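The residues making up each chain are set out below.
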Amino acid sequence: MLSRVAQNIYWMARYVERAEDTARLINVNSNLLLDLPRNTTFGWLPLIFIVGAEDLFFEKDPKRLADENNVVKFLISDRDHPSSILSSLAAARENLRTTRDAVPQEAWEQINGLYIYARDHLPTRRGRYEFLRQVIRNTQQISGLLDGAMSRTAAYEFVHMGRYLERADMTTRILDVRSANLLPRSGQPAGSPQEPADQSQSQSQSAPSDRTEQDPFENIQWMSVLKSLTAYQMYRQQVRSRVGGPDVLKFLLQNDSFPRGISFCLKQLDCSLRTLPRSDAALATSAALQQQLNTAAVPDLAREGMHEFIDQLQIGLGQLHASIAKTYFEH
Amino acid sequence: MTIDWKQYASPGCYDELLDDRSQPRAASRTLCEYLASLSDGDLRERKTAAELAIMVMGITFTVYTEGGSIDRAWPFDIVPRIIPKHEWDRTDAGLKQRVQALNLFIDDLYHDQKILKDGVFPAEVLAQSVNFRPQCVGVSPQHGIWAHICGSDLVRDKDGTIYVLEDNLRVPSGVSYMLENRVVTKRVFPELFEYQRIQPVDDYTLRLYDMLVSLSPRPGDAATVVVLTPGIYNSAYFEHSYLAQQMGVELVEGSDLEVGDDDCVYMRTIEGLERVDVIYRRIDDLFLDPEAFRPDSSLGVKGLMRAWRAGKVALANAPGAGVADDKVVYAFVPEIIKYYLDQDPLIPNVPSYLCMRDKDREYVLANLDKLVVKPANESGGYGMLVGPHATPAERKRFAELIQKDPRNYIAQPTLSLSTSPTLCEGQMEPRHVDLRPFILSGPSTYVTTGGLTRVALRKGSLVVNSSQGGGSKDTWIVDTEGF
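Chains as they are written, first to last, in my numbering: chain A, 1 to 331; chain B, 1 to 483.
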């Protein structure tokens, strides 16, 4: 298989996954906001931090209002934002267009169709839920098609790796940003739903507010973390305690049976690498990352050091990507 | 209102489906009756279905504009063009004859140049050919074949005679649209395929693959074949990708390949380097190898010509094959056929005036309003003058161009290109068509059943190129005998 083709379909899979994850994120945030009291609105700014696009979002206008309209537009349809749903689908399509021969014809038709749908049906506020549902359903159809119609040759393994690396990356981002608001930080109690931070500042500087022990809104937010990863139902089945920070984090980081959890994603990457030639270096990176993840004491981290820990995981994922790229794409 | 063929007329032209009295020809009777049985709504529905299929299948072509390149959906007319099989059999034989002679001609030019020594082909034409490649002299490709894939454009004049308008021996494109048009038509009119004997077209890619494998410099071993594309911004990229996919071979770009110290060509894969035996290249000669041709080319592969000359890799078409793609050479094809095969051409050329000849040039300059003037080495319908439709200023500009560089221009009488019924805003109207069959030459010769019918969608227009407002139709070779 050509290195260039491997690279393209790996990125195609990453972009499809990114479109899906972004759609989930917006959907869940919309629902969450409906449940929160109006005056303590949690806001839309955290989504900008989750996708790591704060510089880009404020680039043109540092005073740009991070309200629902602006943030959602930025995440769904902004062509200048390379990870917006529309840009992701365009990039997935473009990557596939140059390598159409590597995947089943139907997958190309599906991705092409989804891109055209997204381009021509940019949602209004009322149509947003339906739009996002279509994006999620269609990206899942694409994943299903690739899973169901591709022989388990190298091409498939690159699809697989792209999907799980992107998914692990997005899950760490969601955990990082959401837990920054929900877990105690630097000896201070964690904030309950906060006033939106001054948009020119990073959100970690926002002032903590009063918090009661059984803050119902905190529970709702941890539920929203689970729901943005379609994890709520599985969590309820597997974790018998009530929804709380450390348990949620442990579930999403270390449970190796839930397919959007980090541990599961890393195991999938490992499986793919084992079928590929010349994978020693990438496998070593992957093993170190899994070791780090599995030996972490999550309840301790939930009290202190979660942000730093997730930082380490993200660096590890970056190294894994670099190792895959160096071995297969750039020789 | 349904279609009333009695209302359809194509004055002064041969119509492919209907005769002078607006009666369906034998081979198109079933189609015409079927179309007339459809309501306007039915017909619109079929057209929408075709458009949807084209969009979903992602059949596109790229148009270059100043603002960058745009991907456009492939313009397609749902009404097929029909050719009776007995007529097609003659055309098929004529095309094989023509391409066989052209390959002998090219091989001769790069070896002994007997045809020049015998005074049949003028040495000065060759001397001024922009597509003759000195780098190819003395090379002997497999089977002596240079133009493995040829696309010849056929047109029909008002009396029904089919002429060859030009031969495309460099990197002819369009075959994927021929194949996809059939897929779309089967989705739109499945019932018509049940009642008639319409010759299939789909085995083209298998034939192409077999032909390419036969060129491998390592016979016996499993040959590695690749399609070499200039990349996604090429107007025919869709086709490159389509053909690679259909043949199950890698679609490579120049940057995927390298030539080793052993003169072999390798591609970069996830397993490391893999040797390549046959390259179906869709890059023009001059961009193939910066070492041999244009040093600024970033599309090609450094050392590729060295590998080819050493016989370590096969290139299809062979570099230098375009020497016979020159419109001045075209004018000599009847003589070329006679010279190498001692046969009369089965398909005639359009009579051509060579502006390099004083007498011809005088005639051309005096009759610019009646003639079509073509530059010798352009394709895609660019740089052409259609005299009867041109303004006096355009004709004046061409007169100057011709006088400045007579070798570069030929002129032909304006043919009344045949028409075929085409659905235009709900009405059935005559539109001009041509036909591009594809001929594969290897150990044996194969001609596609039919080819790509291109149609000038603008009323009265003779220009069928997709880059200039042309569309296409499915082409049916229908066997009426025994029915």
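For the record, the hints were derived by calculation from the structure and aren't laboratory data. A portion of the hints provided could be inaccurate.
[Stated by the list, open to error] Think about it this way: if two alpha-carbon atoms lie no more than 25 Å apart in a straight line, the pair counts; the simulated DMTMM-like pairs of lysine to aspartate or glutamate are:
id: 1; chain 1: B; residue 1: Lys338; chain 2: B; residue 2: Asp20
id: 2; chain 1: B; residue 1: Lys96; chain 2: B; residue 2: Asp342
id: 3; chain 1: B; residue 1: Lys186; chain 2: A; residue 2: Glu68
id: 4; chain 1: B; residue 1: Lys158; chain 2: B; residue 2: Asp342
id: 5; chain 1: A; residue 1: Lys267; chain 2: B; residue 2: Glu271
id: 6; chain 1: B; residue 1: Lys186; chain 2: B; residue 2: Glu166
id: 7; chain 1: A; residue 1: Lys326; chain 2: B; residue 2: Asp20
id: 8; chain 1: B; residue 1: Lys47; chain 2: A; residue 2: Glu330
id: 9; chain 1: A; residue 1: Lys326; chain 2: B; residue 2: Asp405
id: 10; chain 1: B; residue 1: Lys186; chain 2: A; residue 2: Asp120
id: 11; chain 1: B; residue 1: Lys117; chain 2: B; residue 2: Asp107
id: 12; chain 1: B; residue 1: Lys117; chain 2: B; residue 2: Glu335
id: 13; chain 1: B; residue 1: Lys459; chain 2: B; residue 2: Asp112
id: 14; chain 1: B; residue 1: Lys96; chain 2: B; residue 2: Asp210
id: 15; chain 1: B; residue 1: Lys459; chain 2: B; residue 2: Glu481
id: 16; chain 1: A; residue 1: Lys250; chain 2: A; residue 2: Glu308
id: 17; chain 1: B; residue 1: Lys302; chain 2: A; residue 2: Glu106
id: 18; chain 1: A; residue 1: Lys267; chain 2: A; residue 2: Asp120
id: 19; chain 1: A; residue 1: Lys326; chain 2: A; residue 2: Asp300
id: 20; chain 1: B; residue 1: Lys370; chain 2: B; residue 2: Asp342
id: 21; chain 1: A; residue 1: Lys326; chain 2: B; residue 2: Asp342
id: 22; chain 1: B; residue 1: Lys47; chain 2: A; residue 2: Asp176
id: 23; chain 1: A; residue 1: Lys326; chain 2: B; residue 2: Asp112
id: 24; chain 1: B; residue 1: Lys47; chain 2: A; residue 2: Glu308
[To be verified] Just the calculated beta-carbon pair ranges, DEER-fashion:
id: 25; chain 1: B; residue 1: His111; chain 2: A; residue 2: Leu283; range: 55 to 61 Å
id: 26; chain 1: B; residue 1: Asp261; chain 2: A; residue 2: Thr275; range: 50 to 56 Å
id: 27; chain 1: A; residue 1: Arg133; chain 2: B; residue 2: Leu38; range: 47 to 53 Å
[Stated by the list, open to error] Reference listing, derived: stretches of chain B covered by chain A, where coverage requires no fewer than 3 residues with Cβ under 8 Å from a Cβ of chain A:
id: 28; stretch: 142 to 154
id: 29; stretch: 172 to 184
id: 30; stretch: 233 to 246
id: 31; stretch: 252 to 258
Predicted, not measured: the structure shown is a model, and the values here were computed from it. Built from N, CA and C at the ideal position, the CB exists for glycine as well.
key: Hinted pair B/Lys96 and B/Asp342, Cα distance within 25 Å   = 14 Å, holds
query = Given the hinted pair B/Lys459 and B/Glu481, is their alpha-carbon gap at most 25 Å?
reply = Given that 25 Å is the threshold and the Cα spacing comes to 35 Å, the pair is violated.
ask   = Does the structure keep A/Lys267 and B/Glu271 at a Cα separation of 25 Å or less?
value = 23 Å, holds
request  = Report holds or violated for chain A covering the stretch 233 to 246 of chain B, Cβ cut-off 8 Å, minimum 3 residues.
outcome  = holds (count 4)
query = Has the given pair, B/Lys459 with B/Asp112, been kept, meaning a C-alpha gap of at most 25 Å?
reply = This hinted pair is violated, its Cα atoms lying about 49 Å apart.
query = Does the stretch 172 to 184 of chain B contain three or more residues whose Cβ lies closer than 8 Å to a Cβ of chain A?
reply = Coverage by chain A is violated here, the residue count being 0 at a Cβ distance below 8 Å.
query = Hey, B/Lys47 versus A/Glu308, does the alpha-carbon distance stay inside 25 Å?
reply = 60 Å, violated
A/Lys326 paired with B/Asp112 [C-alpha distance capped at 25 Å] = Cα-Cα ~51 Å, so violated.
query = Are 3 or more residues of the stretch 142 to 154 of chain B near chain A, judged by a Cβ distance of less than 8 Å?
reply = n = 0 at 8 Å, threshold three: violated.
inquiry  = Check the hint pairing A/Lys326 with A/Asp300 against an upper bound of 25 Å on the C-alpha distance.
reply    = 36 Å, violated
Hinted pair B/Lys370 and B/Asp342, Cα distance within 25 Å = 34 Å, violated
task = Starting from A/Lys267, check that the Cα of A/Asp120 is at most 25 Å away, please.
result = The given pair, whose Cα atoms are some 38 Å apart, is violated under the 25 Å limit.
In summary, the structure is inconsistent with hints 1, 3, 4, 6, 7, 8, 9, 10, 13, 15, 17, 18, 19, 20, 21, 22, 23, 24, 26, 27, 28 and 29 from the numbered list given earlier, while agreeing with the others.
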